[in-house]
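Given the structure of chain C, go ahead and fit chain Y onto it with the hints provided.
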Amino acid sequence: MAKIVGGFVVPHNPVMYFNPNGPRPEVAKVIHDAYAETARRIAELGATTAIIIGCDHYILYGTQCLPRYVISTGEIDGPVDQLPGLKRAPILSNIDLGRHIAEEGCRAGFDWAVGRAMAVDHSIAVPHHLMLQPNPGIKTVAVMLACGVDPFLPMARARALGEHIAAAVASFPGDERVVVIGSGGISHWVGDENMGKVNPDFDRLVLDAVTTGDIDRLTGLSDAYILEHGGNGAMEIRTYVCAMAATGAAGGHVVAYEPIREWVTGMGLAELKAA
Amino acid sequence: MSRDTLEKVLYDLSASGANKKAFAAEPDKFLGRYQLDADERALVLAYDVRALADRGVNTMLTWGFWLQAGRAHGDYLKAMRRQTVA
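So the protein sequences, as listed, match chains C and Y. Every position in the first sequence, counted from 1, becomes a number in the numbering used here once 686 is added. Heads up: the second sequence at position 41 corresponds to 36 in the numbering used here, and the numbers run straight through without jumps.
Please keep in mind that the hints were generated in silico from the structure rather than gathered at the bench. Relax, there's no trap hidden among the hints.
The calculated label-pair distances, taken between Cβ atoms and stated as ranges, are:
1) Y:Val80 - C:Leu913: 21 to 27 Å
2) C:Leu731 - Y:Arg76: 43 to 49 Å
3) C:Asp861 - Y:Thr0: 47 to 53 Å
4) Y:Arg77 - C:Asp887: 23 to 29 Å
5) Y:Leu26 - C:Asp719: 45 to 51 Å
6) C:Asp763 - Y:Ser(-3): 30 to 36 Å
7) Y:Ala64 - C:Lys959: 43 to 49 Å
8) Y:Thr0 - C:Asp902: 38 to 44 Å
9) C:Tyr703 - Y:Ala13: 22 to 28 Å
For each residue, glycine too, the CB sits at the ideal point set by N, CA and C.
Same shape as in the complex, but just chain C (with noise of 0.2 Å):
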């Protein structure tokens, strides 16, 4: 049966790309640095299927349909908003994987919105690019969660949705080793007149809880204070929680903190270890 073997929590800054000199060289060096070590340790773990559970960013889905939570089915393609070095590809997809965990969702009460032939935005291509493609070979089930445009997904629900995935890859029947991926930023403001303004005392909080393992911190968050204290942005904590879920909620260790106002966030990136 297949397993899920770790777990990483990361974010996906696309101003990385677009602005890769704005930090201080040694600043941004810890970042690579960090996302590199990420991927070691994808080899290390002998992964060979990814679930990245990233948001929408009102880049894939518009007013006219706004799904709270999307699984790949079928093949993968992105970055839909492509960045400098990083534009539109296939992505490997474990469309077995991926149809698999709707169709347990759907006995389980998950009533996946599927992507059947799913283009994806930043939130899954950047850790793709920087946290897979130095692992070839390894496929991808692509998890969308609604974390940037409301009605948001909520905190409980992300976590159910987490443990559903668990139990899903459990029955899969297969052999893939599966490492889960939540893909987001901690403080960021998007858009708005704090734009550039990062928390490191939001950031600590959050990873202390991730890893401590202690979900009930972080579901106990309302959407006011982290929209008050981590910005719009952090609501993207949401797959955190999902993937801390989905491995167990057995903590971890964090890779690499940096609060990096050029880049607009708190760029933290932590191991989960699979309970």
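Chain Y alone, transformed into the frame defined by chain C:
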């Protein structure tokens, strides 16, 4: 009428090059597709991103709306901070 239609206008402009061209060429005609009242049309035509955000429009859209017109990011922040944009 609603912030939802305002978001639809800004989303459509961000998602389609053809829409961007149509809006740039004939903004009144382009906005005629949408159920906007006179105040809302004026806000869009004036690129009044602050007022749009105050009406609840998602700021990822207001930022993209500003940038798709070739306007500077620094000026966007000034507008959002209610500072004078040159």
